[in-house]
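Engineer: Assembly of the complex is requested from the two constituent chains, each provided in isolation within its own frame, with the hints serving as guidance.
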Amino acid sequence: MTNIIFSRKEFEKHIKLTPDIQDKITLFGTPLESVTNEEIEIEIFPNRPDLIPMHGYLRAFKSFLGKETGLKKYNVRKPEKDYKITVDKAVKEVRPYTACAIVKNLKLTNEQIKDIINLQEKLAITVGRNRKKIAIGIYPLDKIKLPISYTAREPKDIKYQPLGLQHELTAPEILAMHPAGRKYASLLENQKKYPVFIDANKQILSMPPIVNSEQTGKIDTSTKEVFIECSGYDKSSLEKTLVIISTALADIGGEIYEMEISDKEEYTTPNFATQKMKISLENTNKLLGISLTEAQLIKALQKMGHNYNKGTAEISSWRTDILHEVDLIEDVAIAYGYNNFTAEIPNISTAGEESKENIIKRKISEVLIGLGIIEISSYHLIKQEEAERYNLKEALELQDSKTEYKYLRPNLLVPLLRILAENKDAEYPQKLFEIGAVFSKSSGKETGIEEKDNLIIGITPANATECKQHIDYIFKSLNIEYKISEASHAGLIEGRTASIIVNNKIIGHFGEVHPITLKEAGIKMPLAIAEISLEEVYKTIN
Amino acid sequence: MEKLIESLSEIERTIIPYLHESVDEIIKKSGLDKTTVIRALTFLENKSLLKIESVNKKEIELGVNGVYYKKNHLPERQLIIAVEQHNNKTIQEIRQAIKLSDNEFKASLGALKNKALITLENGRIKLTAGKEEISKKFPEEILLEKLPIDITNLSDIDRLALENLKSRKEIIEVKERKEIKFALTETGRKIAGRKIESDLIEEVTPEIIKEFPKGKKFRRYDLHARTPSINGGKKHFVNQSIEQGKKIWLEMGFKEMTGNHTVTSFWNFDALFTAQDHPVREMQDTFFIKGVEGKLPKDVKIIEQVKQSHEKGVGGSKGWQYSWKENEAKKVLLRTHTTCLSAKTLASLKKEQMPAKFFSVNKVFRNETLDWKHGFEFNQSEGIVIDPNANFTHLIGYLKEFAKKMGYEKVRIQPSYFPYTEPSLEGSIWNEERKEWVEVLAAGIFRPEVTIPLLGTAMPVLAWGPGFDRLMTEAHKIKDLRELYKNDLNYLREHNILIK
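As they're listed, the protein sequences go chains A and B. Each residue of the first sequence is one higher than the one before, starting from 1 at the first, in the numbering used here. Each residue of the second sequence is one higher than the one before, starting from 1 at the first, in the numbering used here.
One should not assume that every hint holds.
[Claimed, not checked] Incomplete in silico selection of chain A near chain B, CB under 7 Å: (1) L323; (2) H324; (3) A351; (4) L398; (5) N423.
Worth flagging that the hints you see were computed from the coordinates, not collected in a lab. Only a predicted model underlies this, so the values are computations on that prediction, with no experimental measurement involved. Beta carbons are placed, not taken as given, at the ideal position from N, Cα and C, and that holds for glycine.
So here's chain B without its partners, still in its complex pose (with noise of 0.2 Å):
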């Protein structure tokens, strides 16, 4: 009780001791307004002193012409009154005899004749009730009277006439409030009606540190009040999985390959030994690009072996015996793979800096539909080694280091096809959960047809790439693969941070 009462804000402290009356009374004799008034009950109920309630109602009020109404009669007095005095008159010389608007006379008539007050015979107007009912007040004038009202006080004829009026032009209104009430706690009990004295410290000013008063407290802060939630900045989560895969290519002593997002049919097929009909350069699964003109690389003793390894073969290979067109190759196109940047890489890499190692993690694009499980545009990582004296027991290596700082002990390789490599292999680690071999390293030594056009001998060039995107989803726990590039800032600003 003590910490309670020294935890006690000023406002609280104010109300408390009218705490036994209504909200209404606490707002007149506290001084204080409304809102604060409220706000005041809410950090007493965090402290369990009472409970709030919040009653929703819903009141009649007069509408603007209901304010009219009030004080100059309905229309329909103002009606049954000229019949009254001129009973069966047509309806218009009745209508003359009386000023209302069309709206108001329609709709008086059809109210008194629901009365059963009047009727019409032959367009004339005729009395049908007795001087006494007449005279009596209707139950619309009787509400009239009565509002404002809390709905729930209306009786049975009072809401009969309610649903008359509604319908009519701003007679009256129903407004919705919220009314706050609330009771108090076994604690709040004791609380009530006393009233506080403090003498506490609310804040530290210039003038305490200066000379701290001896002896006094602080006033103790509600530390379990509910604060609203603060957003800040963050990376997008794609981009912090990417950053984790560069990790563990820096770590491992790759250095970094940048490129362009679109390039010639030259790097990305041609140089990497894909056959000019191969049906991965159709137009179904990559993305031309209209209105440009490619150009072939300055280099021509490149395109040189590259139109003969192809043609004839180069290094011994039968190659794919077809005429190779320039044409074909200047195409552009949203790189389908990052592996067109390993190939520039080689392309312009020197005897000096082997052996080598690079690695890249980037977009590339398909001609795809977008649904849960296919999209565009997705990331490709990649890394390549470049040492005469690799081999394929060096790639196994390199490759199970990487799922191991993936955080993956168990992999399994199998035999597997890439155009640009030979020999390839698929890696798969074991997923525990759903305990099932899942394929996500492709990988191989590049062919010679590869390798001889772009470093001008057939060295061995160790190559693979982790399937980056789906890893991703996996890791962020994602299911449509839409969610990555949506950017739905509640779940940009929600989302885990990855700690690895």
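So here's chain A without its partners, still in its complex pose (with noise of 0.2 Å):
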């Protein structure tokens, strides 16, 4: 998702923003966050990048209002001299396709240029996945001599001026030094040469995608025709992206003209080449549960600004979400109108089901709030210091966590004893129970994780005596026979410690915690607990 911000003046120059309007622009599937005086925003979903330039917006919501529908034609021109860039063997394997366009008889204003350098921005972070899959670049046509030249070279041998500095670089220090080539230096990581576009005249236009040379790579109201490159590793993203930025400068006066491409194969772009795409009236109202007419799908797809003959919808060079007839079909149901549909409920008759699992918890925790202890909820993960202070080796973690939270809990008693220090002041005496997932590594497991529910309750203050009875009620209640036997178990007393076993299994334990073990948890009371895995007992219940 991205928001963009319209200048409401702007915006009203072609459409007035009634309430009846505002309401439309959320109907079209880009919702509107918010109407001042000055601008508006709203957001646009990633499958419709053609919509992040204020004029293809317009285009396509005039025609979803009924305004200049169908298919728009721009008028493309054939490449004159030198209109050509050659894609060198080198660059194949470091950033391997290029698609340009040259565009004249432009007449920018300060606003305009911040608009076009906003696009490339939006559209380099979007649809370029910032700048891996594509970035952008800007030229005035007059600092530079065609044709140009997309290779790649070593970083040694790359020397210019980057725009914004003073001085020439090689490529290593403009990774280093400026802030383009330090945000973006690891799209180039292990790469043995560095891709750049070179004109006649052996200038550096850009290292792709870094950064623009100082002397070409800045536009002002002065330049009246620009050289504009997409670089990247998808040809198709790449063709998308340089027409909706060319459609965007002929939308305010300019006059695009085709580049020839020179690679394996011989090509020219903007590829303005329409997609078609198959689209059965039987399926719209069969997914749509409406009833069109042929004569309605048409208008509803010419709203959507596509055209349609026969069977076919033709759909323009700039729509990037158009995979699958579903796609049309959607586009259909928007032009229809979402607030148009009625609502049904067909009559298939199913029973609810809760799962058995479920229905096992449910029943052994109203067992325990039965007997007066309380349902805590905690994280299923635990912090960095907790798996170091109780010495968890074989815990799993998790990979650049943004909190203090790292790994995922191998039992419950770690959350349980945090939650009792942090609660430590509260009314004594203090009766707590949970049952949740568990986590430990288990190759045989899809996931290579194994997980299991277990219940842990804690009393405090101690009493062992007090978890045997709560256990012994709850496979009572559950008609289970379990058995205890002496044991040891870390961070429990010697002596105060059983294992509990279902069908000859051991499958988990009660006891007094080591006092310490309590004073490292931060716990001031003396504290008994009971932990076992619940698997045994659905296996049981069964």
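Structural biologist: The structure is reproduced here in structure tokens:
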């Protein structure tokens, strides 16, 4: 998602923002975030980058409102002399593709220049995945000499004055010192050669995806003609991005000129070829639950900027979101008006059913609540300091967690100790329980991790007798036979600890917690706990 | 009055004859201990017969050294006597003449100098006062004789002496205690001093049950008396809300789906048509787990189909047109949505089981910071309907029905976008309090790129999920998300149970 802000004045030169229009903006599929006297803010979903430039938005929105519907055509002129870019073999391993265009006859205001730079940035961040997939450069044509070469050179052989700085720097220096260099250096990691655009005078125009040169990289109000390049590794995304930028410039008066790309094949960009996709009236009506005639279907498609001919829709070259017939069907639904659909519930008779494990968990909770124990609900993650404090060497670690919670909990005791320490000033006695998942490594599982449900009961001031009574009561209530046997367990007092055994398997333990462990945890009162795994209980109750 | 007298307990009746006297007198004359007397007074206060005042008193008492000095002279008295006998001798000589510790000697030298009774010249102690003055008692000695004494009874000179003694080792102690006093009310005055006989029954015993003594009455209880509050067991309020959420699904005929919190990228992203270079798959947003190796599902056909759907497209789709990598799909993570449960359910569904409806209410995880608005662990709820005849109007129908059961009649829908549904929509409910629409219901029909690999055919699957935690924080009036899992016992004990 990205939010865009349009000047209200500029927008209203085309459409007045009446309350009805404001509703329609949201019903068009672009939620209206806010409206002030100066600006309107709209949310654009990731599948519609063509709506990011204001004229691109107006082009689609006006059509939706019924004005100027159908496929728009742009006049694209053939390449003139030297409107050519050669793609060298060397760059194919680094950043293989480029799509370029020239736009002439521009009369740019400062506002428009700001908008163009904004558009570049937004596209590079969203569709371009932060310049990884697509990077864009726009240059004043009078500062460069065509034709252009797109190639790759060893870093030490690249030297030019990057935008914003006073001196020429080599590529490694740019990556180290220029703000864009530092930000995007990781995109060139491990590359032996870096991509460069070079003009016919052997000037370096830019080193994508990092930064343009100072001499050729700035457009201003005197610029009348521009050279646009997009580079990246996904040919079709590049071409669509180029189309979006070219049409944005054409919408403010520019004339689009093709350029020849001399790659493994010869072709020209921008590529305004429309996409064709079949759409069936029957499928549309069936999926949406409405009954349109073919004429109504055509009108709907045209409102969304498409053409239609005998079962096939023709889709404009700047649309990136039409992958399947269902994408066209959603467009039809939007044109029909989401607020115009009825609400139906079909007569499918099915019976509700809770999962078996959850029923058992619920029953156990009810038994414990009946004994006066309060349920707690803790995070599934535990803190780094807790993993260290209790020496949990086998605990599963998360990658780059943004908080101090960095491990998956291997038991419910660690969270319980934390909660008791935080509540040491609340009234005693404190009787708590929790049922939840715990995690351990297990190479046999699809994820390499085994998850089990555990139950823990904690009673403070300590009362191992009471703990045992509760366990006994639970098993009696669930009609499960169990045994206990003396045991040792980390953190519990020797001679006051026992294992709990069901079906000849040890499923847990109970006992008094050792004062050393209590002190480490920050707890001031004696504590008795019982923790058992519920997996055997699930098996037995079946 | 009659009722009042009938409600008097035994200990109250015992002290009533002495109510015109002080608490100490009552203790003496009634023969009850202090705690019992105070309890009886409290009961009488509850009956509005008197008002208890608790006065904080400060008393000065003799400390360990104070007791000794009272008997055996303060060190400065010993010193002045010695100096009188050996005037103008060196400090050393005086020191040897008397039995004082170093501390005491130092302290008494200082005390005498402050009183201008001696001077120190060239290492010699010289008397500077006459015999009469020396023989006068020091204010400190006078004070010691007065102790123990209430601080309010000290004269100004006493206070100065107190300050002097306070800084020295264990000569005096300041003790704080509460003194109980009480004042009779008008009703109390009517009863005080009376001797009250009682032949009221105190307890029901087996004998009394066997044969109830005719004509006898029971001693009345003070039913308004404050009782200590009790704490009982309770379900955690988040789980209470989850129960309620589940009820709605169960009532609408949905079966519960459950599954592990940890999954492979295959189920969380790939099977849901989320491209492998989509930003949400980066560690900034997702918790990947270190040190474990994930495996692709055993069903190779599904893997093949998912790969196809991404690379070239299935069922007439263009696909994402990139090279799909198995290693990326094997990564293990904490699920970021419950839709992976839906994906697994679809994969294991058999033809005979359709049409079918499933739901889940479960924890999902995002790699976020923890503050009042964000958390890394929260609940999501999701329902799916698998039915060859399902369509968009049914999706809207289920959505509105669901919202109605949550208590919201006014629902508005608008277009939205999710990578695995098309068409998609967002449902908003009208918040009457704040007079605004709140987006809470994400919904859509699963894309064929999702259903073809998992179900084998492009069957419509309706899906929707309420923003569970958001609705819950509104219902419980919680402003800070961290409170949900803080487990503050006072809060858990006092929090209301939702009745819905």
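Engineer: All hints are to be evaluated individually against the structure, with a verdict given for each.
Structural biologist: Each hint tested on the structure:
no. : hint : result
1   : L323 : holds, 5 Å
2   : H324 : holds, 4 Å
3   : A351 : holds, 6 Å
4   : L398 : holds, 5 Å
5   : N423 : holds, 4 Å
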